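Novice: Letter by letter, the chains look like this.
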Amino acid sequence: MIQFRFDPNRKVTVADQARVRKYFFLHMRPNRLPVSTLRYTHTFGLGGMSAVLVILLILTGAMMMLAYEPTPERAHDSILGLQTETLFGPLIRSLHYWSANLLITVALLHLLRVFFTGAKDGPRKLNWVIGLVLLACVLASNFTGYLLPWDQLSYWAVTICTGMLGYVPGVGGWLQEAARGGSDVGPTTLIIFYTLHTTVVPVVLAVLMGFHFWRVRKARGVVVPRQAGEPAPVDPEFARGWPDLILRELVVGTVLVAVVMMLAIFFAPELGIPANPGMSPNPAKAPWYFVGFQELQIHFHPVFSILVIPLVAVAGLIWWPYRRREVDQTGVLFGSPTGRSTAGIAAVLGLVVTPLLIVADEMWLQTTAWAPSVISHGLLPCLILAAAVVGFRLVLRKQMKATREDADQAAFVLMGVAFAVLTITGVWFRGAGMALVWPW
Amino acid sequence: MTDIESKDTREPDLPRRNFFRKAWLVLGALATLQFLWIGFDMLRPRKRRRRDAAAGTIYTAGPVERFEPGSVTAFPAGPFYLARLADGGFLALNRTCTHLGCTVPWIEEDQQFACPCHASVFDITGEVLSPPADRALDMYAVRIENGIVKVDLSRTIRRQGFETAQVTMP
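Note that the protein sequences, when read in sequence, are chains B and X. Start counting the first sequence at 865; every next residue gets the next number (this note's numbering). Start counting the second sequence at 116; every next residue gets the next number (this note's numbering).
Bound-form chain B, shown alone (with noise of 0.2 Å):
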């Protein structure tokens, strides 16, 4: 026991300085834990990967801050500054860099996981809903910080993002002008985006990583894994957290922090010209991770790339773990054998549709007049696509005989794919005046 009442006259030993630290993280990390949630590739180590990656962030970029001077005519001098005149300068920059880039990816794969472990039901729940708001965080962080450096890519790229507020119905031009402090990107919105990014956003992060911690523990620990119709094990073998857990965790924050520094090391993120307002690039996109989006803007109705499908796929995201169930799937990987080969049947198709729709849609669908375009482009392709998941899970109901979670899930998988086959295509595959391109 650890002794509370002070005692002015009784030293401080060695053994409670241990004690002390051993409660210390033992109260952050679990004390026992199963054996079989050991395994890396259970978790992949994902979501602690993400928290040594803010650690990063916030240690590269409380240092940026001194450097940094949040107004158009001083922002891109002073990171010049920082990239030219200090010590480690250029390193402290690529590390945030990287960091933030990697923690995108990496929070996205740990959602992933969870989803396909059955990781968001029961006490997880209301931890599913948390880790989504954490992630509109990071992302959030991320588009904030874009516009810091004031180059063309960023300056363009914040006007892209901006810009497409403004297509909400209603309110949208007021929320345009809210962002951007005024009616173009400017001085208010370099102050808004950093206040954003330096206090607000990292704030709200930190304190939900706490929550979102806690509920781990309070679901007691990462999901045991088990095999399909298996019950879970009642009397699972235990590992102590220290050594067992917390080594391991270590080994996988060193190794990432090993991979980021040689990655900020070899490819330094690049700092383009000043940002013009008069003059923008050709082609000019929005950050990789909202390319996504604006490849939707080229296919649908902003009404509906904007608002409308994104409004959906949030809302869905945010249900899914609440939606009516006819199986606990908690801790099965895929759900079932049959989940494992409907989800792969789901990104198989999403790969090779995809990318014929995209196509299709360049080649011959972009001119019809024939109707008003919200209806055009808006309604009636986003009812076929609709109609065409139904009848995609229908088949796979009918066919394969899945469950409902099967089904639900290879619905996430297609949609999962298409998105990413639309980012890829973006990032990739789009050239001068947005055209379709290869990119060699």
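These aren't lab readings, by the way, just hints derived from the structure by calculation. Do not take every clue at face value.
The calculated SDA-like cross-link candidates involving lysine to any residue, where the alpha carbons are at most 20 Å apart (straight line), are [said to hold, decoys possible]: (1) B:Lys-1149 <-> X:Pro-220; (2) B:Lys-1149 <-> X:Ala-229; (3) B:Lys-1149 <-> X:Pro-246.
On a predicted model such as this, the values are computed, not experimentally measured, just so you know.
Place chain X on chain B using the hints.
Specialist: Positioned in the frame of chain B, the structure of chain X alone reads:
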């Protein structure tokens, strides 16, 4: 024991306690609203100042003869293009794409404005030739005084499409 008792006293049949609980909620909501209002108001003064600076700006483009019919002239100092249509009329077009706000360059060979961001295309009058943009380029009022073309930059005019009434004839 004490826990259960304290829960019992919280029952809503105690009007005064109930009233105070609601009062706290209302006060909390008011405080939140006030906080948000102040936050948003922080953004306002800058906006107002900028609008004042833009108000009453008349840009002198130059004499009428300087602009060929069927030509488009860019003005680096102002956010617009001066288009002179084939019939000799003038239009001042905002250079911002109505889709997502990129700057549209004038492509001389194709005689059209082509947005580099999402491939919207506009003709010389600012009319949409190709989506995703769904309305014509914004414009500014043009006045011709003593053969000098002047553009009123104080107000951006939104429009759905091109109409002949928008053209200023010399």
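Novice: Of the hints given before, which are not true for this structure?
Specialist: Going through the list in order, the structure violates no hint and respects every one.
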